[in-house]
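Here is how the chains run, residue by residue.
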Amino acid sequence: MLIEQSAYANRWRQVAPAAKGLFALGGFIAAFAARAPIAAIAVALLIATTTLVGAGIPFGRYLRVATPALFFLGISCLSLAFSLNLNSDTQALSFHLTPTGMQQVAEVSARSLGALSALLFLVLTTPLIDLIAMLRRLKTPEALLEIMVLSYRMLFVFSEAVHDTLTAQSARLGYATSRLALRSLGDLAANLTLQVWQRAHALHVAAQSRNNDGPLRFLEPVFTNKRRDVAFATAGGSVLVLLAVVLS
Amino acid sequence: MKPTVLNTPNSNLLELEHVSFSYPDGGIGLDDCTLIIRHGSRNALIGANGSGKTTLFQHCNGLLQPQSGLVRYDGEAIDYGRKGLRQLRSKVGMVFQNPDRQLFSASVQEDVSFGPFNLGLAESAVRQRVAAALLAVGMEAFANKAVHNLSYGEKKRVCIAGVLAMEPELLVLDEPMAGLDQRMQEELLIVLDELHERGITLLLATHDIDFAYRWADRLHLISAGRCTATLEAADLADCGDALSAVGLPLPKVVELHNRLMAKGALSNERTPRTPRTHGELLALL
Ligand SMILES: Nc1ncnc2c1ncn2[C@@H]1O[C@H](COP(=O)(O)OP(=O)(O)OP(=O)(O)O)[C@@H](O)[C@H]1O
Ligand SMILES: [Mg+2]
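Heads up: the sequence lines are chains A and B, in that order. Everything in the first sequence is counted per my numbering, starting at 15 for the first residue and increasing by one. Everything in the second sequence is counted per my numbering, starting at 886 for the first residue and increasing by one.
Take the hints with a grain of salt, since some may be wrong.
[As the list claims (entries may be wrong)] Straight-line C-alpha distance at most 27 Å; calculated DSSO-like pairs for lysine-lysine:
| id | chain 1 | residue 1 | chain 2 | residue 2 |
| --- | --- | --- | --- | --- |
| 1 | B | K1030 | A | K153 |
| 2 | B | K1137 | A | K240 |
| 3 | B | K1148 | B | K1137 |
| 4 | A | K153 | A | K240 |
[What the hints assert, rightly or not] Per label pair, the in silico range of CB-to-CB distance:
| id | chain 1 | residue 1 | chain 2 | residue 2 | range |
| --- | --- | --- | --- | --- | --- |
| 5 | B | T1115 | A | V219 | 49 to 55 Å |
| 6 | A | H177 | B | E1117 | 43 to 49 Å |
| 7 | B | A1127 | A | T238 | 54 to 60 Å |
| 8 | B | A933 | A | L84 | 55 to 61 Å |
| 9 | B | Y908 | A | D201 | 42 to 48 Å |
| 10 | A | Q28 | B | T1115 | 38 to 44 Å |
| 11 | B | Q1067 | A | T248 | 30 to 36 Å |
Since the hints were derived computationally from the structure, they do not count as laboratory data. As the structure is a prediction and not an experimental result, all values here were calculated from the model. Note that beta-carbon positions come from the ideal geometry of N, C-alpha and C, so glycine has one too.
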């Protein structure tokens, strides 16, 4: 939900999503083009700075959104850095920190950081509705888009349903003891399953009543300065790629 | 809007004739229900919880098909084939009770555009209709907002806009006032008045007899799946029996007015007709 809030309330909300997508794409390419870790780190820093300073995303929020991803990155780096040896004589397990391993870790993690910063830039500045509209223009299969639209909408309908049910249960002491909590949790799951089905059905009926009998079509938002935005983004993306190549 | 509306104010737009419908679990939705909605009129359907209002509405739009009986639109029995339903649903717009069950697009503008696109309109025409519909409900500033960030009242308006954008002849609203605060209710009333002026026939469900009396031309009472009576709002003061038969009181204004008449505080000459609102009554005193 933090991502969602930023996407709607950042300085670049009115910038064409195509431009933001292009810049992020530049970031991805740069991250993969960067052979030296230092180059990838530089790319990551540049994109992060753009996100924070350009789009005006608060630093604290940026960190909070990035933390889970960084955590998983850390874990996978650890598993890469250490190699597990089984000594056949003593039957003992041992960990080794290998120099080639370190090199590999540095490369991989730097690239991942670059790619992560590009992805964060995109999702923190662009609402999913704009992204979906963009994907539609890129001729993404209609069925896929419809699933995205509906899941996105259902996500909020559901988080509301979960929240309401939880509140209602708590208000009647449903979670007072661990035994009760287990029971309430079971009820919640059962109740939600039913609600999923009912709400999905209700949406289907609503679609029918508005005469839908095929693909879901919607009006797309218009962005006034699209050409200018795209030009800027192309320049920015090229700078990233150049930076990555030069520093490698 | 349509000349026929003006020429034939008393002709029947929608008729339910002895319609019965029960749900698969045996629950009775409608039971031999007969109802007439006239061209260009304002109708309130009044009934307790579970009396069948929502079930009846779903018959107006062809979402449910009567198990026995007949539904006519503009004099002709509804054709439940694909084409017939398409035609019916482009003329009868339905606003659901719970906005979260109607809105399924992510942004306001997208959702409102859904119906017009389904009518097969071109993009420029859709854009026009969306703008006009959002303007009609006073939500034009919200076009690019995300649906889930709206308040309940705002969601309800978006629902109405989504149906208005299809330019229906008959607009059916399931409990439009429920959950709205006083101001939102007043604003919604203004919206409804404008729609009525444009010639759109209105049918809404409510529990609130005071509101129905103030707003509607005709009140339809429903109880246990059956329409027990259709009353002209103008004659409601004499219909206490029909109301109490379904457990409804007389509107408060009527009660007060009757009592004032009995006490001699008001006389017949000064009040040619029973006042419809608190304000009208006060003005008489
Ligand atoms: N999907 C369903 N399955 C089974 N029974 C249903 C279903 N929907 C409604 N019913 C039953 O049909 C009857 C009429 O319900 P309906 O929803 O039409 O009432 P309502 O007048 O709209 O009530 P409310 O004011 O609470 O919205 C009720 O007894 C209800 O239990
Ligand atoms: Mg209902």
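Right, here's what the structure says about each hint:
no. : hint                           : verdict
1   : K1030/B <-> K153/A             : 24 Å, holds
2   : K1137/B <-> K240/A             : 59 Å, violated
3   : K1148/B <-> K1137/B            : 16 Å, holds
4   : K153/A <-> K240/A              : 19 Å, holds
5   : T1115/B <-> V219/A: 49 to 55 Å : 27 Å, violated
6   : H177/A <-> E1117/B: 43 to 49 Å : 46 Å, holds
7   : A1127/B <-> T238/A: 54 to 60 Å : 59 Å, holds
8   : A933/B <-> L84/A: 55 to 61 Å   : 57 Å, holds
9   : Y908/B <-> D201/A: 42 to 48 Å  : 24 Å, violated
10  : Q28/A <-> T1115/B: 38 to 44 Å  : 52 Å, violated
11  : Q1067/B <-> T248/A: 30 to 36 Å : 53 Å, violated
In this structure, the hints that do not hold are numbers 2, 5, 9, 10 and 11, in rising order.
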